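**Q** What follows is each chain in one-letter form.
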Amino acid sequence: MPGMRHHGRILVQLVSASFKQQLSYRTSFLIVVIAKYLRVAIYFILFESILVTTDVLGGFSRDYVLIHFFTDFVLFLFVSTTFERNLVFGLSKLVQRGDLDGLLTKPLNPLFHIAFYKGDFYDFITLGPLFVALAYLVFRVEPTLEQGLLFLGGVMVALLFILGVSTIFSSFTFRTIENRGAGRVLHAIFRSAQFPSTAFGPWWGTLFLFVIPTGFVATLPTGLLSGLFHIGHLAYGVIFTISLCVIGIWRWNRSLRRYSSASS
Amino acid sequence: MISLPQLRARLRAYYATFRIGLNQNIAYRARINVWTITHALGLLIYALVWGTVLGDQELAGFTQQDVLTYYLGFFVLERVVRAHGWTTMSTDIREGRLSFWLSRPIHYVRYTAMRETGAKVVLGLLVLPVLVLFLGVLVVSGTFTPPSGALDVALLLAFLIPGSALAFSISHIMGMVAFWLEDNKGPVSAFWALSVIFSGAAAPVALLPDSLQAIAAYLPFQYIAAFPMELYLGRVSGGQIAIGFAVAVSWAVILHLVSRLLWNRGIRRYSAVGG
Chain E
1317 MPGMRHHGRI
1327 LVQLVSASFK
1337 QQLSYRTSFL
1347 IVVIAKYLRV
1357 AIYFILFESI
1367 LVTTDVLGGF
1377 SRDYVLIHFF
1387 TDFVLFLFVS
1397 TTFERNLVFG
1407 LSKLVQRGDL
1417 DGLLTKPLNP
1427 LFHIAFYKGD
1437 FYDFITLGPL
1447 FVALAYLVFR
1457 VEPTLEQGLL
1467 FLGGVMVALL
1477 FILGVSTIFS
1487 SFTFRTIENR
1497 GAGRVLHAIF
1507 RSAQFPSTAF
1517 GPWWGTLFLF
1527 VIPTGFVATL
1537 PTGLLSGLFH
1547 IGHLAYGVIF
1557 TISLCVIGIW
1567 RWNRSLRRYS
1577 SASS
Chain A
10 MISLPQLRAR
20 LRAYYATFRI
30 GLNQNIAYRA
40 RINVWTITHA
50 LGLLIYALVW
60 GTVLGDQELA
70 GFTQQDVLTY
80 YLGFFVLERV
90 VRAHGWTTMS
100 TDIREGRLSF
110 WLSRPIHYVR
120 YTAMRETGAK
130 VVLGLLVLPV
140 LVLFLGVLVV
150 SGTFTPPSGA
160 LDVALLLAFL
170 IPGSALAFSI
180 SHIMGMVAFW
190 LEDNKGPVSA
200 FWALSVIFSG
210 AAAPVALLPD
220 SLQAIAAYLP
230 FQYIAAFPME
240 LYLGRVSGGQ
250 IAIGFAVAVS
260 WAVILHLVSR
270 LLWNRGIRRY
280 SAVGG
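So the sequences go chain by chain: E and A. So for the first sequence, my numbering puts the first residue at 1317; every next one is plus one. So for the second sequence, my numbering puts the first residue at 10; every next one is plus one.
Calculated from the structure, these hints are not laboratory results. Quick caveat, the model's predicted, so the values are computed rather than measured. Wrong hints could be hidden among the right ones.
[Stated by the list, open to error] Some but not every residue of chain A turned toward chain E, in silico, with C-beta under 7 Å:
1. V43
2. I46
3. L57
4. T61
5. V62
6. L68
7. D101
8. G105
9. L107
10. I206
11. L217
[Claimed, not checked] Derived BS3-like pairs: lysine-lysine, alpha-carbon spacing no greater than 27 Å straight-line:
12. A/K194 x E/K1434
13. E/K1422 x A/K194
14. A/K194 x E/K1409
From the three backbone atoms N, C-alpha and C, an ideal C-beta is built for every residue, glycine too.
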């Protein structure tokens, strides 16, 4: 199997092809990007409405609520630009159309190819300014080096968590063929990550932080940055996500071995 | 002027279309279940956040109990009233399948409306278990606000009429954008983004900043589900109910006229190859 450099070159070509395809409808591209910013602005207004009623949301002060907000958006835009949407929704379409067979004949890691075969540049374009805003907000709270490193560690846990969940989810596509509905349910569950898990109250907060830990996405990094969480929480996150990724890759390989083509 | 036999023929055609929508959605009810679960989860999250934020305090007349009841009712109303025909319409326009319907003796827009009405019957039935479950949880936990009288419930149900008309027209307008744009993802995304705030989904309209409340009052979104729920909670007075109803009906008429205008203009520029 070709090495990292080869996969890197292929990734650049896949990215370029996706970008050209989406830019071919320029008017629509522009409107979609505007709509994405509009969505961010509207959720920002929602958080402002909440912060009018309370200075602290789930143990986070206003500054950290904003960091939480932007961390969630930046992470989800990043993963949807790259692998998440392809694994959760795209694989189902590939299997149904029979296009997956063609992808599997290529000299590339199948998981890599399927995860990156199409890039979403609407989200990529939206990502830039939000990333800058997040960086500004993080530096504004003047974190210590330790807090900064813990925040970055939390972000890595978040990315690995989403990767692990997406991989496990997509591994069922080989059997079910059509799982876009379940993908929508998954996205609905992930919507809980927009809000600090600690804001849902003790029971739901525990559920979203430790059991179905969508809180890993933004609450964990923000909590580590603010000092609300400590390294023990990060350790739990690391162990959980590594286990999830290992299970995900194992399931993926197993399902792929058992896959029989749906096309001619 | 249409004759009686022609009218009877049309009504038979619309009834047949209604049954098509009904039977299709009975056959593919798993899809509706998925959308219902997705929608319920989304609103549950908002309800939990607002319920926790409010706690024991009251804000703009909303207590925790009111917010939880609001979201339960909002979920049911929105599921029943909101229309989704725009996806099929935009695909039919883009892929040329609209040509098939243009040669049929039934108006395409009315066809989608009747088919969707049939779908809503199934949707309403499938929403019932979710309603009963969440209602039970709220009643047992003592966080349900019962209606203050039969009149409030009757008025809420009355709002379903302009609300449904609004939802249908908005859906058709979104679908018809495909006559002009190869990909209508952008306008639809922008529309739904606005709808999340101004429809009262993300937060009850009364909890939004004053400037947004003022804008929301003149937009049609809140009259689909948010305004009827505020009426149910007794937060709207007699005069305001009349004004709200008048605004909802006005918007329904305006959007219907816009839908007709877009259809007439769009059909003139529509072209399809093959099929």
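**Q** It remains to establish, for every hint, whether it holds in the given structure.
**A** Hints, verified against the model:
no.: 1; hint: V43; in the structure: holds (3 Å)
no.: 2; hint: I46; in the structure: holds (6 Å)
no.: 3; hint: L57; in the structure: holds (5 Å)
no.: 4; hint: T61; in the structure: holds (5 Å)
no.: 5; hint: V62; in the structure: holds (6 Å)
no.: 6; hint: L68; in the structure: holds (5 Å)
no.: 7; hint: D101; in the structure: violated (18 Å)
no.: 8; hint: G105; in the structure: violated (17 Å)
no.: 9; hint: L107; in the structure: violated (19 Å)
no.: 10; hint: I206; in the structure: holds (5 Å)
no.: 11; hint: L217; in the structure: holds (6 Å)
no.: 12; hint: A/K194 x E/K1434; in the structure: holds (17 Å)
no.: 13; hint: E/K1422 x A/K194; in the structure: violated (32 Å)
no.: 14; hint: A/K194 x E/K1409; in the structure: holds (18 Å)
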